[in-house]
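A.B. asks: Here is how the chains run, residue by residue.
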Amino acid sequence: MRAHRPSGARGAGAAPYLFLAPAVVLFTLFTAVPIVYTAYLSLRRTKVSGLGLGRGARREVFAGLDNYSAAVGDGELWAGWLRVLGYGAIVLTVMLGLALLFALLLDSAHVRLARFSRIALFLPYAVPGVVATLLWGFLYLPSVTPLRDLGIDAVLLGPGTVTFSMANIAVWGGTGFNMLVLYTALRAVPRTYYEAARIDGASERQIALRIKIPILMPAIILTTVFSVIATIQVFTEPTALRPLTNTISSTWSPLMKVYRDAFVNGDLYSAAATSIVIAAISLVLSFGFLRVVRDRAFQEG
Amino acid sequence: MRSGRLAVAGAAALALALSAGCSGGSRETAAPTAAQTSAAGPVTLSYWSWVPNMDKIVAVWNKAHPDIQVSVSKQAGGDDAAAKFLTAAKAGNPPDLIQAEYQMLPSFVAADAVADLTAGTTQIKGEFGEGIWGLVTLGTDAVYAIPQDSGPMMLYYRKDLFDKYGVQVPQTWDEYAEAARKVHKADPKVYLGTFSSKDPGSFAGLAQQAGAQWWSIQGESWKVAIDDDATKKVADYWGGLVKEGVIDGQPYFTPEWNKALNDGTLLTWPSAVWGPGVLSSNAPKGKGKWAIAPLPQWSAGEKATGFWGGSSTAVAQKSPNQAAATQFATWLNTDPEALSLLVTEGAVYPAATKGGAALTSAPDYFSNQPDFWQQTADISATARGFTFGPDVNVTYNAFKDAFDKAVQGTSSFSDAVKVMQETTVADMQKSGFQLAQ
Numbered sequence: 001m002r003a004h005r006p007s008g009a010r011g012a013g014a015a016p017y018l019f020l021a022p023a024v025v026l027f028t029l030f031t032a033v034p035i036v037y038t039a040y041l042s043l044r045r046t047k048v049s050g051l052g053l054g055r056g057a058r059r060e061v062f063a064g065l066d067n068y069s070a071a072v073g074d075g076e077l078w079a080g081w082l083r084v085l086g087y088g089a090i091v092l093t094v095m096l097g098l099a100l101l102f103a104l105l106l107d108s109a110h111v112r113l114a115r116f117s118r119i120a121l122f123l124p125y126a127v128p129g130v131v132a133t134l135l136w137g138f139l140y141l142p143s144v145t146p147l148r149d150l151g152i153d154a155v156l157l158g159p160g161t162v163t164f165s166m167a168n169i170a171v172w173g174g175t176g177f178n179m180l181v182l183y184t185a186l187r188a189v190p191r192t193y194y195e196a197a198r199i200d201g202a203s204e205r206q207i208a209l210r211i212k213i214p215i216l217m218p219a220i221i222l223t224t225v226f227s228v229i230a231t232i233q234v235f236t237e238p239t240a241l242r243p244l245t246n247t248i249s250s251t252w253s254p255l256m257k258v259y260r261d262a263f264v265n266g267d268l269y270s271a272a273a274t275s276i277v278i279a280a281i282s283l284v285l286s287f288g289f290l291r292v293v294r295d296r297a298f299q300e301g
Numbered sequence: 001m002r003s004g005r006l007a008v009a010g011a012a013a014l015a016l017a018l019s020a021g022c023s024g025g026s027r028e029t030a031a032p033t034a035a036q037t038s039a040a041g042p043v044t045l046s047y048w049s050w051v052p053n054m055d056k057i058v059a060v061w062n063k064a065h066p067d068i069q070v071s072v073s074k075q076a077g078g079d080d081a082a083a084k085f086l087t088a089a090k091a092g093n094p095p096d097l098i099q100a101e102y103q104m105l106p107s108f109v110a111a112d113a114v115a116d117l118t119a120g121t122t123q124i125k126g127e128f129g130e131g132i133w134g135l136v137t138l139g140t141d142a143v144y145a146i147p148q149d150s151g152p153m154m155l156y157y158r159k160d161l162f163d164k165y166g167v168q169v170p171q172t173w174d175e176y177a178e179a180a181r182k183v184h185k186a187d188p189k190v191y192l193g194t195f196s197s198k199d200p201g202s203f204a205g206l207a208q209q210a211g212a213q214w215w216s217i218q219g220e221s222w223k224v225a226i227d228d229d230a231t232k233k234v235a236d237y238w239g240g241l242v243k244e245g246v247i248d249g250q251p252y253f254t255p256e257w258n259k260a261l262n263d264g265t266l267l268t269w270p271s272a273v274w275g276p277g278v279l280s281s282n283a284p285k286g287k288g289k290w291a292i293a294p295l296p297q298w299s300a301g302e303k304a305t306g307f308w309g310g311s312s313t314a315v316a317q318k319s320p321n322q323a324a325a326t327q328f329a330t331w332l333n334t335d336p337e338a339l340s341l342l343v344t345e346g347a348v349y350p351a352a353t354k355g356g357a358a359l360t361s362a363p364d365y366f367s368n369q370p371d372f373w374q375q376t377a378d379i380s381a382t383a384r385g386f387t388f389g390p391d392v393n394v395t396y397n398a399f400k401d402a403f404d405k406a407v408q409g410t411s412s413f414s415d416a417v418k419v420m421q422e423t424t425v426a427d428m429q430k431s432g433f434q435l436a437q
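Sequences listed follow chains A and B, in order. The UniProt record's numbering puts the first residue of the first sequence at 1, with every later residue one more than the last. The UniProt record's numbering puts the first residue of the second sequence at 1, with every later residue one more than the last.
Worth double-checking, as some hints may not be accurate.
What the hints assert, rightly or not - Computed list of lysine-lysine pairs in DSS-like fashion (alpha-carbon distance at most 27 Å, straight line):
1. A/K47 <-> B/K90
2. A/K47 <-> B/K405
3. B/K182 <-> A/K47
4. B/K233 <-> A/K47
5. B/K405 <-> B/K430
6. B/K182 <-> B/K233
7. A/K47 <-> B/K418
Calculated directly from the structure, the hints in this document are not laboratory data. If you're wondering where the values come from, they're calculated on a predicted model, not measured in any experiment.
Use the sequences and the hints to build the structure in full.
C.D. replies: Structural data, given as structure tokens:
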């Protein structure tokens, strides 16, 4: 062994790279290459000559930043952001509010049927998004909904209500997951804190507000960031609801516009540029949020 | 040392797995290339189609042609299949054969995704009507596909409820409007029809009937006239009725629509010859209650209709076995045995004129109308010709978005037609197509 040591030390030059290789190869193949290819596509466009029929009538040419200026200058994209902002405001507040409330309730000492409630609340998360949307979609459609039999005569897919109806689907599907994250974080808190508080005369409510929520802050921030990203990427619900109603356009959310450009209009190049714009905004929003709350949240933890 | 060796082994295994994963995609195309170079080996063709039971039809061909084997890959159909094919063609691994809807064919041609079949199809031109043949030549000298089925439009109506409300089968669109007012007045829950903002193909067919020509080729440039007078007339007609509230504005093919077809609150459906399949699955309760008639006309005594849907069989430009693929496509769409299989197994209305021979007994759903196919043939003969442009997908998407708004009442129907025209022209200009003013 001793005789080998010097040569082993010299040989260590290659070993770390070998260990790194699988990760680097996978990252390059499945993350870096697609991103670089998307960036490359976003700088190109097709150029048709004459009728565009027959061989060689269509070429791919360099487009510079044309696709970007078109993407940024397209009012539909920004209108889409506005719609998603409204939708996100509802989803974020209601979903995270409910998740926090349920987590606190389940964690409090006096709740019965805790295990059953936990599973019941989590179950919708296991339902695939498309299935959930169709399920709710049928409930929303005026002539097939059972709500009408109950005497509730609301237009749930009208221009004024469709955002709420969609937010409802997201809240239904997402509350359970977020609740579970928060609840798990709560279970990790030593019970002694609460005992000490109770001895000091704190009520359950005071314990929740003054002890549990501050301790939960990092978890709340985590779930918020995840939810912000999920909201920016909203696609399934509006796409699955669209065939059922006149109120959702093909560019309702920014990602739907990307899908339309790429696979309906057949313009991969614009779609690539718009994707990069969306990714940039998404990055700024999530990191911006983290930056704003970081100091407050993680100092104590 | 031990762990070092492990890492090497791990990396090697990973590299192996990755290369296996990569070659998986190209295996399909590699086989035919090999077969082509060695003339003796059998050729395998991949075929994307959404005709029901196409695998059974292909099995008959495969049995008789051991050296040209076709394998069918079932597709979801319509726009999704077209987008998938265009993507596959761009990626360089398209199927050899593809079911191409007539309106998508120009997009395929413009993307250089389908082959020119002129050489292999000179003998079969006479098997098809001129209007249909024009859809696969796009008015040029080339032949880009072989027609499979067509979708002449007619009026499906509830015979029993027409009697109940005392309505005659409308001969003109004016009579149709009158009937719409009459039945809606008799029962406010009942509509004579609905205008679907989700089905541009239906609207295109109705516009064709009125004489619209959305695209045409003039020399070396395209002329786009989606907002021509005929189309605006059709749009304003339906817009007026929707605004008046006597025609419903809900889309086709929704649970709502199925329910309305079933429970007798929707009395007509201007649709194509493939309607019986939809009605029998979506409105099973209506069996024997529906009947067909020619579409109402714009002026009395006229006889015209348009097409909604219909598709052809195209061969991919990148297919290494174009000749074999053309041979199969020709058999599928002109051979009497294949045509009869298309009718019985695939529930297809064949485009080939010989296909009429296979259409003997009326569809089960229309057993009350024994002359169903006779009527259909008469109606089909009155269909107007039409040329689709190279970006129908853009136009159709613009239709959905613009007419969604129009049906909600936030813009007028003829404005929606204008949006379609502007979106289409802008897209063609952006791509660099030559446009005639």
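A.B. asks: None of the hints should be skipped; say for each whether it holds.
C.D. replies: Each hint, compared with the structure:
1. A/K47 <-> B/K90: 15 Å, holds
2. A/K47 <-> B/K405: 32 Å, violated
3. B/K182 <-> A/K47: 54 Å, violated
4. B/K233 <-> A/K47: 35 Å, violated
5. B/K405 <-> B/K430: 25 Å, holds
6. B/K182 <-> B/K233: 22 Å, holds
7. A/K47 <-> B/K418: 25 Å, holds
Hint check: violations occur at hints 2, 3 and 4; the rest are consistent with the structure.
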